[in-house]
Amino acid sequence: MLDDANETSYSLQDQANINAVWASLIVEECSRLGIVYFCVAPGSRSSPLAIAASSHPLTTCISCFDERSLAFHAVGYSKGSHKPAVIITSSGTAVSNLLPAVVEASQDFVPLLLLTADRPPELLDAGANQAINQVNHFGSFVRFTFSLPAPTDNIPARMVLTTIDSAVHWATSLPFGPVHINCPFREPLDDSSDNWMLNCLKGLDIWMSGAEPFTKYIQLQNYLACKAGACVPMAEVLEIIKGTDTGLLLLGAIHTEDEIWAALLLAKHLNWPVVADILSGLRLRKLLPSLPEIEENVLFVDHLDHALLSEGVRGWIHFDVIVQIGSRITSKRVSQMVEDCFPCTYILVDNHPCRHDPSHFVTHRVQCSVRQFVDSLMQSQFSHRSNKWCFYLRVLNTMVAWDISFQINAEYSITEPHVAHVITEALSAESALFVGNSMIIRDADMYGRSCKTHAQSIAHMMLDSELPCLSIRVAGNRGASGIDGLLSTAIGFAVGCNKQVLCLVGDVSMLHDTNGLAILTQRVSRKPMRILVINNHGGAIFSLLPFADKTDPQILDRYFYTSHTISIQKLCEAHSVRHLPVKTKVELQEALLKFEHEKTDCVIEVESCIGANSTFHSTLRKSAQQAADHALSILSRLPVGVSISDGLFLYKIHKMNFSLYRIQLCAPPTSSSADHHHNEFHREGYILSVYLEDGSVGYGEVAPLEIHKENLVDVEEQLLFLLHIIKGIKIDVSLPTLKGSFTSWIWSNLGIMECSIFPSVRCGLEMAILNAIAVSQGSSFISMLQPQMINEEIYEKSSVKICALVDSNGTPNEVAYIASSLVEEGFTAIKLKVARRADPIQDAAVICKVRNEVGPCVELRVDANRKWTYEEAIQFGFLVRDCDLQYIEEPVENVDDIVKFCEETGLPAALDETIDNFQESHLNMLAKYTHPGIVAVVIKPSVIGGFEKAALIARWAQKHGKMAVVSAAFESGLGLSTYILFSYYLEQLNVVYTVMNREIRPSIAHGLGTYKWLKQDVTAIPLGIHYDPCKGFMGASVAGAIQLLKNFKVNNNVIHKTFNEEQVHRYHLTVNSKNFSYSIKVHEVGQESNVSTGTS
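Quick note: the sequence shown uses this note's numbering, first residue 18, plus one each step.
A couple of the hints might just be wrong.
Stated by the list, open to error - For each label pair, taking beta carbons as the anchor points, the in silico distance ranges come out as:
| no. | residue 1 | residue 2 | range |
| --- | --- | --- | --- |
| 1 | D31 | E447 | 38 to 46 Å |
| 2 | R853 | H614 | 52 to 60 Å |
| 3 | S226 | P137 | 30 to 38 Å |
| 4 | P137 | P360 | 54 to 62 Å |
| 5 | Q606 | S765 | 25 to 33 Å |
| 6 | S765 | S1096 | 20 to 28 Å |
| 7 | D337 | H373 | 17 to 25 Å |
| 8 | S838 | Q606 | 51 to 59 Å |
| 9 | D262 | S157 | 41 to 49 Å |
Rather than coming from a laboratory, the hints here were simulated on the basis of the structure. Every value quoted in this text rests on a predicted model; they were computed, and no experiment measured them. The beta carbon of each residue, even a glycine, is placed where N, CA and C say it ideally should be.
Please put together the full structure from these sequences, using the hints given.
Below is the structure:
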């Protein structure tokens, strides 16, 4: 007995009964061990434990009527805090309800302490109510199990303390996991007085006077931590890593921010390509917007999963050494790729000792923390011998990433991949993500991406550490990968990690755990949550499985999809949880941003559809596979001696010249305001000559018209600037892909922002560079764009359908005669200019007459150039409704009226000037024009800014079932030949979309009929445009265009001036002010100025 028990800091003598004593000891010892979060399920038999936990000054308690949800909540807390949570339940099936969470915790190495109340032994197997055998109830899924005797003062109370200490030691020792203490209690279960002997407290005086646990477990650090890199096993690993030519760093699930940071340091140190799983924390990383190139310090191959859809990539890719940090990898294709690399050296690093090797080929199993492993490697230096390998992977990943991004952004309905693609934008450094299972985590792993951060404090931290990005902590239940308990786990994770958590789950997962909403409403010690539910009204993942296409839809719907009509909104209302439905991309963005700063929880429900989701996933896979094949074909055709010293590039530009040409036209351009009564008409522009170091020359054309925003004077100034800065610039291998590569190259190499380079200049520059690459490789412009489909025999037989152009000046009979003459030549498509007469009635009369003259088989297009008011366009439209027009280009002056015009008249329309006015974010701007009445986009490469932008717009059009029509702006034969090949390239892309969508699309007549205006040309080689009797239309020969560009020689008779490299005066201009001074590096051309020069 303690004589002075009433004077101790922790007193037990006032406890009413021995049950209360033992319960109080259990809770107190937990708090001394740092375990203070208690999840209490209601029940009578567990009353002593519940009262002790809820009355302790240091504990936080939460309750729920559903033991299963409560247990998963405890799992989430432990995941977030890396400390065990305590679960208290009553006896009977209440204990059994913990099993799913116990399995998850066991499989994912999450520490938990299970305190299950029980009937005393004399009531077992005696028919007593709620009495089952709870001893060893969880079998092998717990690390430690012990059944306490029923509380009695005949047993020293310190036995209770040592039991708790031992159990917690097991839970928090490797491998972490749940532990189970069964706690039988006899009556009384309340605070009724029942005498007990104080001598059971003997030996606890020191414990009761302090705040330390009774038994302290001391673990010595393992040999790796003590002597990092000095032990023989680690020395072997180091030598293997040093000796490899092709290594891969594979980042699996990483649970702490310190370890994520260590993994990033290792990636930078090794300079290996990195594949980061969604649970690694580095997949959804934040980048600096001011320094996008900084990510080049670490090569993240984020889209290897989809690149592996390509059979060629699967056959090509092979790693000698694979180092995997963390146990689990979400992607099956990446796991299969790793297996296909065998035999290779496969090093798996994780702190637990368990085997995670389902394919049975791990060669080195390193058991230590990520930080310990990284510390041991950071002491060694590694030679970077796999630059070419890394750059190949960079090109492959970049092209697949572009295609995935394009498909997702060009699909304007909200899709499940879109949610995964943009989720990073809703996360900050103070946020974390909890991702559900099934299709949710797979989408996040396949389509999740990095994004830019604008937080200055974060930016400074990233720059100071010389690391390229900031991680975002991500968690999930991947131990057993079930869909039960996910909402409750996410809420617990939010409590444990003390961050604003965004939870991403599917509807079936939500329905599995609706009682988690009861926990959500309690808001115990956590920040507000955003719960994003993707509701496709069933199990969408089964629609992507191989058997889905071969199984009766009714069977799929009933036994696999488990389709439902349950209202998520009403479930939220029943729990008083705020609900926000989302049906568009804009609504999703607004909802995520809105609730990031609010102090209330919210469920954001995104409507989806199983069928549409399956179709879109199929589109993404096919597109990514084609992109990977394209990238591989480009890489396979690189010259043997390609340089990779500072990056993967083909050649250096030796120099650039340009010449002013002036050629005669037969008539003024239809876009011109020139006087038609003049006898001579001319076209002026510049021919660019780009010389590579190997002597190859590529030609491009820069020829702005009145429809351009720039003029010849503007263009000449910019070309003079390019003349000097382009010398010695490297040509990147990815430029011919036309997937953002030119935009990036122009900025990073020439220092010109996308909005600053004139459209016609960029078009001519792209033309010259692509033609130069083609000449150097003995190839062609079309082969550069589509290397996987090179077939010279096909080119010889191929032609591009040409649409004739008619100015429409004259009477209806005169215009009809011109049109019929063109049909006799072989043209099957004609475009007529309208909106140039006094009123629309006269234009309509011309069109009606032309249709009557040429017959019903000729494609007729008209172009109003935005010159009609809405009322005038409607008047014209109703008058020509029976003329079977293929489309009307820009019928109204206000582009916002174009959709209304289509709906009112029922006539198809086409975009032209509308897309010319786009400066940035073409896909965002085009979103307004998906209406089926808009059937075509007319693309002038020199007006919109080159082939890369033209290809993007054409892809958008083809994706949405619209015609992508290439149109010339009265360029010479040089520009027209390139446009012919570009048109052919787009036709091949159209074929791809036809195959993907299993639909028939006719060949398109392109607007290259301006060749008829050329009285002179910049080259003596004629354009190969003629009637093709086999195809039955006027066409431009693909082979002819290839030959013209390959053998191009400038007709010096039309050249008026040539610009070569001028002398450049270089100096520093120093500017001094009161509070600062700076120096400007000046490159000056032309006549010397009087500005004084200085140095600094």
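Against the structure, the hints come out as follows:
At roughly 44 Å, the beta carbons of D31 and E447 sit within the given window of 38 to 46 Å. Distance hint check: the CB atoms of R853 and H614 are about 55 Å apart, consistent with the given range 52 to 60 Å. A hinted range of 30 to 38 Å holds for the C-beta pair S226 and P137, which are about 33 Å apart. Against the hinted window of 54 to 62 Å, the Cβ-Cβ separation of P137 and P360 comes to about 59 Å, which satisfies the hint.
Taking the beta carbon of each, Q606 and S765 are about 29 Å apart, inside 25 to 33 Å as hinted. With their beta carbons about 23 Å apart, S765 and S1096 fall inside the hinted range of 20 to 28 Å. One distance hint, 17 to 25 Å for the beta-carbon pair D337 and H373, holds here, with the actual separation near 21 Å. Look at S838 against Q606: about 55 Å separates their beta carbons, and that is inside 51 to 59 Å.
For the pair D262 and S157, the supplied restraint of 41 to 49 Å holds, since their beta-carbon distance comes to about 43 Å.
In the structure shown, no violation is registered for any of the earlier numbered hints.
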